[in-house]
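Enquirer: In terms of my numbering, the sequence shown has 95 at position 57, counting the first letter as 1, and numbering is strictly consecutive.
Please keep in mind that the hints were generated in silico from the structure rather than gathered at the bench. Every residue, glycine too, gets a C-beta built ideally from N, C-alpha and C. Some clues are possibly wrong.
Stated by the list, open to error - If you anchor each label on the Cβ, the simulated ranges turn out as follows:
hint : residue 1 : residue 2 : range
1    : Y43       : E159      : 26 to 32 Å
2    : R149      : R121      : 18 to 24 Å
3    : L73       : V148      : 19 to 25 Å
4    : E159      : L73       : 29 to 35 Å
5    : D144      : K74       : 26 to 32 Å
6    : D144      : R75       : 31 to 37 Å
7    : K128      : H45       : 19 to 25 Å
8    : G48       : E159      : 20 to 26 Å
9    : R134      : K74       : 32 to 38 Å
10   : P77       : K128      : 35 to 41 Å
11   : R47       : R149      : 29 to 35 Å
12   : S139      : I87       : 21 to 27 Å
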Amino acid sequence: MDALYPHDRGLKLEVLEGMILVYSGLGAGELLELLKRYPVRSILRVRRIVAHSEGGLEEALEELFARAARTGLKVSSVEVRARGLAERRKVEAAARAALRSLGLFDAAGVRARLLLLPAPEGGYRALLAV
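Work out the full structure: start from the sequences and follow the hints.
Expert: This is the structure:
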């Protein structure tokens, strides 16, 4: 990402299932402004990842939502995307149960998207985007 590198020399990119994950020391607002200033045709949507984790299904979800809870995040609704996983309903039920148990559901909270992907080394990679 030539548009971002001059502003953050520690920038890291990772291509994952049709997505580009950008790891940067810049703030989310700053990154969004740079992407608007230098439009890239292939970028359809920008989402801010507030937490991520890897491991078995339950462990990945628990760690993910514990990290989100430490940031003070409150969620009004969650959309679950489980790519390449046959047990999507199981994932949705486990995610909603974990959110309830940690007290992260709140009517005034943000809409969030949970992306659960198979990790290359086994297990799952969980990302929570707002």
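Enquirer: Work down the list of hints and note, for each, if the structure agrees.
Expert: Cross-check of the supplied hints:
For the pair Y43 and E159, the beta carbons lie near 28 Å from each other, so the given range of 26 to 32 Å is met. The hinted range of 18 to 24 Å is satisfied by R149 and R121, whose Cβ atoms lie roughly 19 Å apart. L73 and V148 have their C-beta atoms about 20 Å apart, which keeps the hinted 19 to 25 Å range intact. Restraint check, E159 to L73: a C-beta distance of roughly 30 Å satisfies the suggested window 29 to 35 Å.
Distance hint check for D144 and K74: the Cβ-Cβ separation is about 30 Å, which falls inside the suggested range of 26 to 32 Å. The hinted window of 31 to 37 Å between D144 and R75 holds, with their beta carbons roughly 34 Å apart. Judged by the Cβ atoms, the range 19 to 25 Å given for K128 and H45 is violated: they are separated by roughly 41 Å. Distance hint check for G48 and E159: the Cβ-Cβ separation is about 24 Å, which falls inside the suggested range of 20 to 26 Å.
As the Cβ distance of R134 to K74 is approximately 34 Å, the hint placing it in 32 to 38 Å holds. Taken as a hint, the range 35 to 41 Å holds for the pair P77 and K128, whose Cβ atoms sit roughly 39 Å apart. For R47 paired with R149, a C-beta distance near 34 Å keeps the hint of 29 to 35 Å intact. For the pair S139 and I87, the supplied restraint of 21 to 27 Å holds, since their beta-carbon distance comes to about 22 Å.
Against the hints set out earlier in the document, a violation occurs for number 7 only.
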